[in-house]
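K.L.:
If you read the protein sequences in the order shown, they are chains X and C. Residues in the first sequence are numbered consecutively from 1, following my numbering. Residues in the second sequence are numbered consecutively from 1, following my numbering.
Where hints are given, some of them may not hold.
You can't tell identical chains apart in this list, so a pair holds if it fits in one copy or across any two.
As the list claims (entries may be wrong) - In silico DSS-like links for lysine-lysine, alpha-carbon gap of 30 Å or less: (1) Lys313 - Lys180; (2) Lys12 - Lys182; (3) Lys207 - Lys35; (4) Lys114 - Lys35; (5) Lys180 - Lys207.
In short, the hints are calculated from the structure, not lab data. The model shown is predicted, which means the values in this text are computed figures rather than measured ones.
2 protein chains.
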Amino acid sequence: MIHIREDLLIEKIKEFYKPHPRIVNGFGDDTIILKEIPTQNLVFSVDATIEGRHFYPDILPYEQVGHRALAGALSDLAVVGATPLTFIVNLEIPKRFPENNVLRIYRGFEELGKAFCISPSGGNITASERVGLVLTVIGEIPRDRTISRSHAEPGDKVVVTGDLGRVRTALNIINRHEIKKKIPSDQLDEILEKFYKPWPKINFMKKLLSEVNINASIDISDGLGADLSRIARASQVEIVIYERKLPFKPYLRDVARMIGTPLFQLVVGSGEEYEIAFTLNEEEFEKLKRLGYDVTEIGEVTHSPHVGVRMVKEDGSEVYVDNMGYDHLKG
Amino acid sequence: MIHIREDLLIEKIKEFYKPHPRIVNGFGDDTIILKEIPTQNLVFSVDATIEGRHFYPDILPYEQVGHRALAGALSDLAVVGATPLTFIVNLEIPKRFPENNVLRIYRGFEELGKAFCISPSGGNITASERVGLVLTVIGEIPRDRTISRSHAEPGDKVVVTGDLGRVRTALNIINRHEIKKKIPSDQLDEILEKFYKPWPKINFMKKLLSEVNINASIDISDGLGADLSRIARASQVEIVIYERKLPFKPYLRDVARMIGTPLFQLVVGSGEEYEIAFTLNEEEFEKLKRLGYDVTEIGEVTHSPHVGVRMVKEDGSEVYVDNMGYDHLKG
Numbered sequence: 001m002i003h004i005r006e007d008l009l010i011e012k013i014k015e016f017y018k019p020h021p022r023i024v025n026g027f028g029d030d031t032i033i034l035k036e037i038p039t040q041n042l043v044f045s046v047d048a049t050i051e052g053r054h055f056y057p058d059i060l061p062y063e064q065v066g067h068r069a070l071a072g073a074l075s076d077l078a079v080v081g082a083t084p085l086t087f088i089v090n091l092e093i094p095k096r097f098p099e100n101n102v103l104r105i106y107r108g109f110e111e112l113g114k115a116f117c118i119s120p121s122g123g124n125i126t127a128s129e130r131v132g133l134v135l136t137v138i139g140e141i142p143r144d145r146t147i148s149r150s151h152a153e154p155g156d157k158v159v160v161t162g163d164l165g166r167v168r169t170a171l172n173i174i175n176r177h178e179i180k181k182k183i184p185s186d187q188l189d190e191i192l193e194k195f196y197k198p199w200p201k202i203n204f205m206k207k208l209l210s211e212v213n214i215n216a217s218i219d220i221s222d223g224l225g226a227d228l229s230r231i232a233r234a235s236q237v238e239i240v241i242y243e244r245k246l247p248f249k250p251y252l253r254d255v256a257r258m259i260g261t262p263l264f265q266l267v268v269g270s271g272e273e274y275e276i277a278f279t280l281n282e283e284e285f286e287k288l289k290r291l292g293y294d295v296t297e298i299g300e301v302t303h304s305p306h307v308g309v310r311m312v313k314e315d316g317s318e319v320y321v322d323n324m325g326y327d328h329l330k331g
Numbered sequence: 001m002i003h004i005r006e007d008l009l010i011e012k013i014k015e016f017y018k019p020h021p022r023i024v025n026g027f028g029d030d031t032i033i034l035k036e037i038p039t040q041n042l043v044f045s046v047d048a049t050i051e052g053r054h055f056y057p058d059i060l061p062y063e064q065v066g067h068r069a070l071a072g073a074l075s076d077l078a079v080v081g082a083t084p085l086t087f088i089v090n091l092e093i094p095k096r097f098p099e100n101n102v103l104r105i106y107r108g109f110e111e112l113g114k115a116f117c118i119s120p121s122g123g124n125i126t127a128s129e130r131v132g133l134v135l136t137v138i139g140e141i142p143r144d145r146t147i148s149r150s151h152a153e154p155g156d157k158v159v160v161t162g163d164l165g166r167v168r169t170a171l172n173i174i175n176r177h178e179i180k181k182k183i184p185s186d187q188l189d190e191i192l193e194k195f196y197k198p199w200p201k202i203n204f205m206k207k208l209l210s211e212v213n214i215n216a217s218i219d220i221s222d223g224l225g226a227d228l229s230r231i232a233r234a235s236q237v238e239i240v241i242y243e244r245k246l247p248f249k250p251y252l253r254d255v256a257r258m259i260g261t262p263l264f265q266l267v268v269g270s271g272e273e274y275e276i277a278f279t280l281n282e283e284e285f286e287k288l289k290r291l292g293y294d295v296t297e298i299g300e301v302t303h304s305p306h307v308g309v310r311m312v313k314e315d316g317s318e319v320y321v322d323n324m325g326y327d328h329l330k331g
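Could you build the full structure based on these sequences and the hints that come with them?
P.N.:
Rendered as structure tokens:
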């Protein structure tokens, strides 16, 4: 353990800085200055990753802490199909936190940074009892794009990208060696990879939104149930989803049995998936189907006085899944 | 104490939201969308306020916690003379934190919000062991403005706004009733006001920068010594300041004696003052003098191989004051 001086640490972190052409000043000022351009709108989002809540250092190496924090923040930009421009890092660390761990967190940003041509353009370091990262991400979208979680319309189809459930499954098995031993290694790798190395759907959504218009969208950060519920409440609509339509890796059925958790809970309640759920009208949905994206129609927005998310289960029974997911204040 | 649901809390916080004309979407989405305009550059800054580090709830009411956090964040915009546009609130609170205290923090934003026509346009709430606020502020400046802490030039004059030392003095006396009793009440009020209700120099610097060009600037958040040292290192110059020129309220001399701390330590080491220190060339300095702003010339940028901040004391001796101030990781 070595003692860190904030300013000297910032000097070291500068090696991770490669200026974006739209950033006017260099790393090191308290403010970041960005050139505006008239055909675009800017988008911002802030995302927090806190030790003991979003990660435990004993099960997650600091490189992965950095990666997952940035993936989560960028996922908010993916929701509107934004092109990331840069990000700002607010780091909270204990007083005697090893300097090398700070650099490991920054190293964790590199893979996503390279993939999306972005780097941190500033930040703060504050002392705290535990590690915390608050990332502000900045991106841009075409000026005419209007997507909001409040724009879902009755009659819309509800669609989700990729597959769901692997992250919650990973959290359930990560310390249970007797279960891990029973899962074929290629399946185990695939389950753990989604937990350790989530990848925000930036390029996927940019491409998709260049071809299709959607009404409302959200990323699956707290669980499909909880996140769709946000669309439902913001749009004052009911969303109906069908258990039989939910996308998941087929082997999760066996793993769910091993864990002793109903499969639909793993799928509907899995947070930090960073898949995107969105709604779009029938016509745009038909267009989307022809384009062959890796997306699954899971339900629809309905005319109903009830605001929330109803799931029709495989046995025909129904259940409200609004609270099936992670509420940060309930834990 | 009541149990809080994150989403319901966000509903309540919406009452503090009045949309800025350049914000395209409403409060409630994960991303904030801002219209770009071509003649301006955007500026961002992130600032953290952590319980047990920047404040203790027993000596600072939550309204003031909110006010001081926003004042500190806006102060970074004042450094470059920016017009604030909006801000994003990342709030960390303990699980059983009273909802009313969250609203008190938000109420604390209102006075500054009204003064600068801004309101929060989004945010996050995360559970934590203690209260923490990370504010991202967004503003804009004319496109041709280039000020950076790395642009100080040898020959520049060093100037500071307002007066220094009251905040450190307030922290020294806040719990010492025997000293407070001895200070005349109008002086005591003035000392405490700067601590409880700091005011960022937004309008002051906007006006000043519309008339004068400056090279480097920084706000006094960690202490004049520590903050000027950042200009010195970023610009690779030496800064010389003179104790006899430092601006402070005359009565601080008596108070310093009562506390038993050398006056210059109160003045040079006082953080969270949110005054602005800046450097400008001789010609611009002459212009500034004629304009009658409440600023004080305290020294100059010199040709010297030494990078840092040297203070010439009243007795003619010299001392390096780079470390006289608050380093968040040293405490």
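K.L.:
Now tell me if each hint is right for this structure.
P.N.:
Results of checking the hints against the structure:
{"no.": "1", "hint": "Lys313 - Lys180", "in the structure": "within (28 Å within a copy, 69 Å between copies)"}
{"no.": "2", "hint": "Lys12 - Lys182", "in the structure": "neither (44 Å within a copy, 48 Å between copies)"}
{"no.": "3", "hint": "Lys207 - Lys35", "in the structure": "both (25 Å within a copy, 22 Å between copies)"}
{"no.": "4", "hint": "Lys114 - Lys35", "in the structure": "both (21 Å within a copy, 27 Å between copies)"}
{"no.": "5", "hint": "Lys180 - Lys207", "in the structure": "neither (37 Å within a copy, 65 Å between copies)"}
In terms of the numbered hints stated before, the structure departs from hints 2, 5, listed from lowest to highest.
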